[in-house]
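Residue numbers (the numbering used here), protein chains in the order written: chain A, 1 to 306; chain B, 307 to 612.
Incorrect hints may appear among the rest.
[Said to hold, decoys possible] Derived contacts from chain B toward chain A, CB cut-off under 10 Å, selection only:
hint, residue
1, Gly376
2, Ala465
3, His531
4, Cys609
[Stated by the list, open to error] In silico DMTMM-like links for lysine to aspartate or glutamate, alpha-carbon gap of 20 Å or less:
hint, chain 1, residue 1, chain 2, residue 2
5, A, Lys195, B, Asp459
6, B, Lys475, B, Glu445
7, A, Lys195, B, Glu445
Honestly, the hints are just simulated from the structure, not real lab data. Backbone N, C-alpha and C fix where the C-beta goes; we use that ideal spot for every residue, glycine too.
The chain contents come next:
There are 2 protein chains.
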Amino acid sequence: MNSSSAPELVIVGSIGIDTIETPREKRVEILGGSVSYACAAASFFVKTGMVGVVGTDFPREHRTLWEKMGIDLAGLQTEEGRTFRWSGIYEENMDNRRTLATELNVFERFSPELPEIYRDAPYLFLGNISPDLQLHVLEQIHSPKFVLIDTMDLWIDIARDKLVEVVDKCDMLTLNESEARLFTGTHSLMTAAEKLLAMGPQFVLIKKGESGSMLFSRESLFLLHAFPLDDFKDPTGAGDTFAGGLMGALAESGRIDEPAIRRAMGYGSVTAAFGVEEFSLERLSSLDRKQIDRRVETFLSMCTPA
Amino acid sequence: MNSSSAPELVIVGSIGIDTIETPREKRVEILGGSVSYACAAASFFVKTGMVGVVGTDFPREHRTLWEKMGIDLAGLQTEEGRTFRWSGIYEENMDNRRTLATELNVFERFSPELPEIYRDAPYLFLGNISPDLQLHVLEQIHSPKFVLIDTMDLWIDIARDKLVEVVDKCDMLTLNESEARLFTGTHSLMTAAEKLLAMGPQFVLIKKGESGSMLFSRESLFLLHAFPLDDFKDPTGAGDTFAGGLMGALAESGRIDEPAIRRAMGYGSVTAAFGVEEFSLERLSSLDRKQIDRRVETFLSMCTPA
Chain A
1 MNSSSAPELV IVGSIGIDTI ETPREKRVEI LGGSVSYACA AASFFVKTGM
51 VGVVGTDFPR EHRTLWEKMG IDLAGLQTEE GRTFRWSGIY EENMDNRRTL
101 ATELNVFERF SPELPEIYRD APYLFLGNIS PDLQLHVLEQ IHSPKFVLID
151 TMDLWIDIAR DKLVEVVDKC DMLTLNESEA RLFTGTHSLM TAAEKLLAMG
201 PQFVLIKKGE SGSMLFSRES LFLLHAFPLD DFKDPTGAGD TFAGGLMGAL
251 AESGRIDEPA IRRAMGYGSV TAAFGVEEFS LERLSSLDRK QIDRRVETFL
301 SMCTPA
Chain B
307 MNSSSAPELV IVGSIGIDTI ETPREKRVEI LGGSVSYACA AASFFVKTGM
357 VGVVGTDFPR EHRTLWEKMG IDLAGLQTEE GRTFRWSGIY EENMDNRRTL
407 ATELNVFERF SPELPEIYRD APYLFLGNIS PDLQLHVLEQ IHSPKFVLID
457 TMDLWIDIAR DKLVEVVDKC DMLTLNESEA RLFTGTHSLM TAAEKLLAMG
507 PQFVLIKKGE SGSMLFSRES LFLLHAFPLD DFKDPTGAGD TFAGGLMGAL
557 AESGRIDEPA IRRAMGYGSV TAAFGVEEFS LERLSSLDRK QIDRRVETFL
607 SMCTPA
């Protein structure tokens, strides 16, 4: 890919240095953050521009890794101070995660600025950052074909109105099932999805972890079984990798219709399944596109009823 | 259907009078049991013969309901004494069930005998009873085309060897994910399925509740998302209804290959989803085939990736 050409997909989100403990292993100060996982996943499909912030302590090797994966870093800011840090622990069967510490550091004053060359990007993924910052990014982009927005319980709790405002300006919202319930105050996912669609987006994607995912539109519903994972090392970033792979595959298709999104969800699932095989970007950075394509074909045929 | 003709599908299992409490409602002494749910589901597709036992106290109205649904009762035994009784309670979000009481009664001395006319049935479903009794049924049937066997944790715990013996004689084994793990002593469902296939059956169907189901063969894997249930009243018998609907649809197709089983799983899911809308057979007995067909088409298209 030509490094001076405009990215087809722009992704904004957090960049962190993570310390992660699982029942089998502990890894200290490894590369993490939603935009890191999402850009790595998307980079298999299209030229992807990263918008995020790191501190002056950010290791050169991480930047080199992103560059090797073909990620455009024109939107990466370096600010005086320490990079955002997060540490967490996964309990016995990996289905519960506890945060041990969060240090916002340079992320606290993050104001995402899009390089001129990013502003005509047709595809935009607003990763999980505050709705204020997501709105600030939306204001800088000219006329994207398709915008996906992710969020989390924190913003639903403390910035609900702003979040509703920005969701209305997006084409697709993605969240997990507990966030969908929290956001709408309803237990039924069908009713929750209706309420979320009423906020404006054309599609709502509810992620249910090992129960798969559901893509809602006003007229239809698509159910995707989870990719059958036999074993995995670190689920951190799986949702971001899923969304990044999805947006990369969708941007590559050049389409924004439901059949294209269904197929792109297959790419997202498979990319995420590869990602959790190792910590950080270790597996994704050693992966090639053919491996993804092969697994997607297998996965989609496993999901096809007849 | 001609009541004197031979059934295409024979199902053996328990018949119970259930008392069920959910967070919203309590129902006393209603019709239950694995063979009741499974035959009701299968009856939409083919002539189905029931093999089970009731006591002399068994209400006439239940028998009439089965007959109205077209179920053949030539294999139904009536023994001196009280019918099997079970009572249980579902906790807050219906995902945990506790048994409050079990009275075996006539079920304790149950010895399933197949009427002559049942012995040439091409399809057989060995519902959840002791492996000894399942084997006894297998010995009476002549040369079935396809035998499905269900089981539960109790038999895995107390009659493992006998269960392994009978599983080997069947074409397909169905169990839920915790039973698959218990039976094989492994956490990974992929490895568990391999071990179960090594016991002899051609197919292993692992049910994962709201995470859907997985159909394993030596060469392939099929993943079916759960039917999206918005609300339900009573999940009792859902697994039996699923398996009964699956076997009914498979028998109707006349086939035993994987594409036919994949499609039959769609029928099983939809029939089970209808069943849990009300207690006992209340919803199934007021349902017609067209409603099932319509919902199956919708469901299968919801599950089709592209």
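The hints, checked one at a time:
1. Gly376: Violated: closest Cβ of chain A sits about 27 Å from B:Gly376, beyond 10 Å.
2. Ala465: Violated - the Cβ of B:Ala465 stays beyond 10 Å from chain A, reaching only about 28 Å at its closest.
3. His531: This hint holds: B:His531 lies near chain A, its Cβ roughly 4 Å from the closest one there, short of 10 Å.
4. Cys609: At about 5 Å, which falls below the 10 Å cut-off, the nearest Cβ of chain A leaves the hint on B:Cys609 intact, so it holds.
5. A:Lys195 with B:Asp459: Measuring from Cα to Cα gives roughly 41 Å; hence the hint is violated.
6. B:Lys475 with B:Glu445: holds, 10 Å
7. A:Lys195 with B:Glu445: violated, 56 Å
When the structure is compared with the earlier hints, violations turn up for hints 1, 2, 5, 7 and for no others.
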